[in-house]
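Undergrad: One-letter residues, chain by chain:
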Amino acid sequence: MLGRRGPDIAVWLLLVALPYWLNWVGGYTSLGSRVLVLGLAAMSLNFLLGFTGVLSFGHAAYFGLGVYGVGLTIKYLVPSTLIGMAVGVIAGAIAAALIGLLIVRLRGIYFAMVTIAFGQVFYFIAYRWNSVTGGDDGLSGWHRMPIDLGFTTVDILGNDKAFYYLVLVCFAVAVAIMAALLRSPFGRTLLAIRENERRARFLGIPVDRHIWLSWVISCLFVSLAGTLYALLNNFADPHDLRWDQSGDFVIMAVLGGMRAFWGPLIGAAIFVVLQDYVSSMTANWMSFIGLFFVLVVLFFPRGVLGIIQRKAAP
Amino acid sequence: MSLLEVENVSRRFGSLIAVRDVSMSVEDGELRAVIGPNGAGKTTFFNLISGFLAPTSGRILFDEQDITNLLPARRVWRGIARTFQVTEVFPDLTVRENLRIAVEVAAGYRLRPWISRHADAEISTRVTDLSDKGGLADKEDRPVGELSHGDQRATEIMMALALNPRLLLLDEPTAGMGDQETYNITRLIRQLHQDHKLSIVLIEHDMRVVFHLADRIMVLAEGAMLAEGTPQEIAANEAVQAAYLGEAA
Amino acid sequence: MTQLLLFNLFNGLIIGAFYALMALGLSLILNLSGVINFAHGGFLAIGGYLAYMLIPHIGFWGALAVAPVLTAALGLVVESVLIRPLYGRDPLYSLLLTFGLAFILEDGTRYIWGPGTLPFSIPGWLSSPLSSTLFFLTGYRVFMVGLVVAAVVGLFLILNRTRLGIRIRAGTLDLETVSVLGVNTRILRNLNFGLGIYLAGLAGVLAAGMLGLQPTIGSTLIMPSFVAIIIGGLGSLPGTLLGGLLIGVASGITTVFFPSASEAVIYVLMGLVLLVRPRGLLGEEGRF
Numbered sequence: 001m002l003g004r005r006g007p008d009i010a011v012w013l014l015l016v017a018l019p020y021w022l023n024w025v026g027g028y029t030s031l032g033s034r035v036l037v038l039g040l041a042a043m044s045l046n047f048l049l050g051f052t053g054v055l056s057f058g059h060a061a062y063f064g065l066g067v068y069g070v071g072l073t074i075k076y077l078v079p080s081t082l083i084g085m086a087v088g089v090i091a092g093a094i095a096a097a098l099i100g101l102l103i104v105r106l107r108g109i110y111f112a113m114v115t116i117a118f119g120q121v122f123y124f125i126a127y128r129w130n131s132v133t134g135g136d137d138g139l140s141g142w143h144r145m146p147i148d149l150g151f152t153t154v155d156i157l158g159n160d161k162a163f164y165y166l167v168l169v170c171f172a173v174a175v176a177i178m179a180a181l182l183r184s185p186f187g188r189t190l191l192a193i194r195e196n197e198r199r200a201r202f203l204g205i206p207v208d209r210h211i212w213l214s215w216v217i218s219c220l221f222v223s224l225a226g227t228l229y230a231l232l233n234n235f236a237d238p239h240d241l242r243w244d245q246s247g248d249f250v251i252m253a254v255l256g257g258m259r260a261f262w263g264p265l266i267g268a269a270i271f272v273v274l275q276d277y278v279s280s281m282t283a284n285w286m287s288f289i290g291l292f293f294v295l296v297v298l299f300f301p302r303g304v305l306g307i308i309q310r311k312a313a314p
Numbered sequence: 001m002s003l004l005e006v007e008n009v010s011r012r013f014g015s016l017i018a019v020r021d022v023s024m025s026v027e028d029g030e031l032r033a034v035i036g037p038n039g040a041g042k043t044t045f046f047n048l049i050s051g052f053l054a055p056t057s058g059r060i061l062f063d064e065q066d067i068t069n070l071l072p073a074r075r076v077w078r079g080i081a082r083t084f085q086v087t088e089v090f091p092d093l094t095v096r097e098n099l100r101i102a103v104e105v106a107a108g109y110r111l112r113p114w115i116s117r118h119a120d121a122e123i124s125t126r127v128t129d130l131s132d133k134g135g136l137a138d139k140e141d142r143p144v145g146e147l148s149h150g151d152q153r154a155t156e157i158m159m160a161l162a163l164n165p166r167l168l169l170l171d172e173p174t175a176g177m178g179d180q181e182t183y184n185i186t187r188l189i190r191q192l193h194q195d196h197k198l199s200i201v202l203i204e205h206d207m208r209v210v211f212h213l214a215d216r217i218m219v220l221a222e223g224a225m226l227a228e229g230t231p232q233e234i235a236a237n238e239a240v241q242a243a244y245l246g247e248a249a
Numbered sequence: 001m002t003q004l005l006l007f008n009l010f011n012g013l014i015i016g017a018f019y020a021l022m023a024l025g026l027s028l029i030l031n032l033s034g035v036i037n038f039a040h041g042g043f044l045a046i047g048g049y050l051a052y053m054l055i056p057h058i059g060f061w062g063a064l065a066v067a068p069v070l071t072a073a074l075g076l077v078v079e080s081v082l083i084r085p086l087y088g089r090d091p092l093y094s095l096l097l098t099f100g101l102a103f104i105l106e107d108g109t110r111y112i113w114g115p116g117t118l119p120f121s122i123p124g125w126l127s128s129p130l131s132s133t134l135f136f137l138t139g140y141r142v143f144m145v146g147l148v149v150a151a152v153v154g155l156f157l158i159l160n161r162t163r164l165g166i167r168i169r170a171g172t173l174d175l176e177t178v179s180v181l182g183v184n185t186r187i188l189r190n191l192n193f194g195l196g197i198y199l200a201g202l203a204g205v206l207a208a209g210m211l212g213l214q215p216t217i218g219s220t221l222i223m224p225s226f227v228a229i230i231i232g233g234l235g236s237l238p239g240t241l242l243g244g245l246l247i248g249v250a251s252g253i254t255t256v257f258f259p260s261a262s263e264a265v266i267y268v269l270m271g272l273v274l275l276v277r278p279r280g281l282l283g284e285e286g287r288f
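Residue numbers (our numbering), protein chains in the order written: chain A, 1 to 314; chain B, 1 to 249; chain C, 1 to 288.
Check before you lean on any hint, since a few could be wrong.
One side only, chain A facing chain C, incomplete, derived with CB under 7 Å [said to hold, decoys possible]:
1. G247
2. V273
3. Q275
Here are the simulated DSBU-like cross-link-like pairs (lysine-lysine), alpha carbons at most 35 Å apart as the crow flies [claimed, not checked]:
4. A:K311 with B:K133
5. A:K161 with A:K75
6. B:K197 with B:K133
7. A:K311 with B:K197
8. B:K139 with B:K197
Since the hints were derived computationally from the structure, they do not count as laboratory data.
Virtual Cβ for every residue (Gly too), placed ideally from N, Cα, C.
Based on the sequences and whatever the hints tell you, model everything.
TA: Listed below in structure tokens is the structure:
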């Protein structure tokens, strides 16, 4: 009927109508926002992980730059949501560009180790520089500011639905760009690198340069997700920069299916709901999350969409 | 001036001399075979020409330009394409997708975030053309990883051809193939050589293929050049016979 | 000034030796099996907690001998049940698995022994200084260095003089060839993992004596191990040793001049090494 575009359209319809049906199934709008934000982060990570084949375990660093970028801007510089978001994204992009130059020649587990270490650097800065960042207590005392569009003001602070649609707009733009890139010749070079780096090199693709580009794009959109996350919570938490946050993004991508475009979003939805549920039931939610990781890796590595794709193919 | 000039290249790995002072000169449109017993250094020699390794001494000139230390990707841009002993393709992507990537890169589209419908159609046509020539038309929407060995090799060769190379390096194209597949690949190579006037250098163990295709043959043994000449000259060469038979004895 | 510098230099060496011990275990596992053992810190903690349980019964020295062995045994089980199925696959999966395992171990220790810091008793004569001028040289610190030296020497002997050790070294270079030569690589990887965990457990006992015992002790110590390996170079055990000592000493010296930057300096060093020599100080080319 709608052919290949069918699933995409279904997803968008669900997302646009979310505030209306989510309450009906027992959820609440800001949970939806949370899924969308973390889903964006996981999808951005997956641009690098699932489509370029590069394992990064330190994306929380750029997520965190977005988080603190927007928080610090609104609190100390300009009480404007949009400017705060811009600062967060630019900070993340610049950091990613510079660090990328340093590490792009590395591969495999070595690359992963280095991304973990760099992730820790930013966590450390957020944690230690408490005069500026609030240290372990996080950065509070600020909140998302209503957006003044000239002809009207959008009250994203008081109105959960309004904030959700802001998130959705950002999500849509980011996702559309990533989808377009993946369908383009450039995107295909990334697939080539994932499939067989040596062959890609011997077709004339400058592999390091393309990996760097994929890395920067991925981190940039993760920073965007970070800004939205901080705005959602009206709070900047150093925990958002820790290695466990990085791991969460990866497991969302794996759980939903790394080779499928929408996979990480589904993974994020499952993970967020599960985490919400488990942490309300027991103080030992950390063990359950850990167990969850172990079970997914051992028994469910292809992820939800991966399994569905398998079943669909003859 | 010849297309490819390899001047006295050597390659050492510590105390092991894999390639010892080898020179080779390939003309435009020539089909040259490199043969020799196992461990003679043939693949290492290819690695030097394609840029996978740098020579410890010697020079390599392509189109009269010194490419001795040029990176592999850059050599591809200059017009050298290569296939590998173990077929290197993109296994989870379809034949069409594999070919498409090669065509797009060759067309200079590697960084393009978007292409026009017109360009898209042009690329598509070229992909179909390559797929047909390689005998892959009926399998082009299947993941390459699922195809037979011969078809995977054909895909790899067509990908190399998509790059519009001046020089094609084929490393044991018929390795591990049965008679029928060997025949198909040999015919494909011959056709490409004739239709596109490419220079081809190929490493082969199968003597039927070598004598069927080659204009000239170079024999390597223990890293050094043992003999060089036309197929008839090589067939009659006693030192060559000894190198092969001496191995078996 | 020189007194202060000497004090911190020596302190740094001690810390460095400790980091090296942890990092060596991690490096062993990484080199042979290609697994980044995120749970290494968790095993370190287990080593400390097991020692804590054993001390009332067999004393400090008994615990020191036994706890690491028990921890290693746990490691052997974990490797064969959880990690072995993942060897053929993308390293992503083993990283995620050890990641989850780290969570389970940390939360598990918190559940069993509570979140607070437990008192860890070391023999009295160890904690007193050896001399009044070199007051920073407490018996325990010297003992720690001595133990680390002994462990490193022991590791060196194992790797060079025993059959197991030689196979580990060969396997690190080329596991496929080793298996073709008839060595059971499953057992090899299993024992190698156990050896690495033994070192983690040992480090745990030592750390507990020095820092006090709490569930987060592992996760706070694992990062310097990573950095030590990156600086020293992937694939090189001497490099890891060097890396550990280097970051310890750098940290110690920085404390004299910029006390607040003493933790950050190891990351600065890492950045420098990556810039100048990406494969690490003693790393092998093409290892990655």
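Undergrad: Against each hint, give a clear statement of whether it holds in the structure.
TA: Verification of the supplied hints:
For A:G247, the interface hint holds, the least distance from its beta-carbon to any beta-carbon of chain C being 5 Å, beneath 7 Å. Residue-level restraint check for A:V273 is violated (minimum Cβ-Cβ distance to chain C is 18 Å; threshold 7 Å). Of the supplied interface hints, the one on A:Q275 is violated, with its beta-carbon coming no nearer than about 12 Å to a beta-carbon of chain C, more than 7 Å. This hinted pair checks out: A:K311 and B:K133 have alpha carbons roughly 33 Å apart, not beyond 35 Å.
Taking the CA atoms of A:K161 and A:K75, the gap is near 24 Å; set against the 35 Å cutoff, the hint holds. For the suggested pair B:K197 and B:K133, the alpha carbons sit about 15 Å apart, so the restraint of at most 35 Å is met. For the hint pairing A:K311 with B:K197, the CA-to-CA distance comes to about 46 Å; that exceeds 35 Å, so the pair is violated. Between B:K139 and B:K197 the CA atoms are separated by roughly 27 Å; this keeps the pair inside 35 Å, and the hint holds.
Hint violations for this structure: numbers 2, 3 and 7, all remaining hints satisfied.
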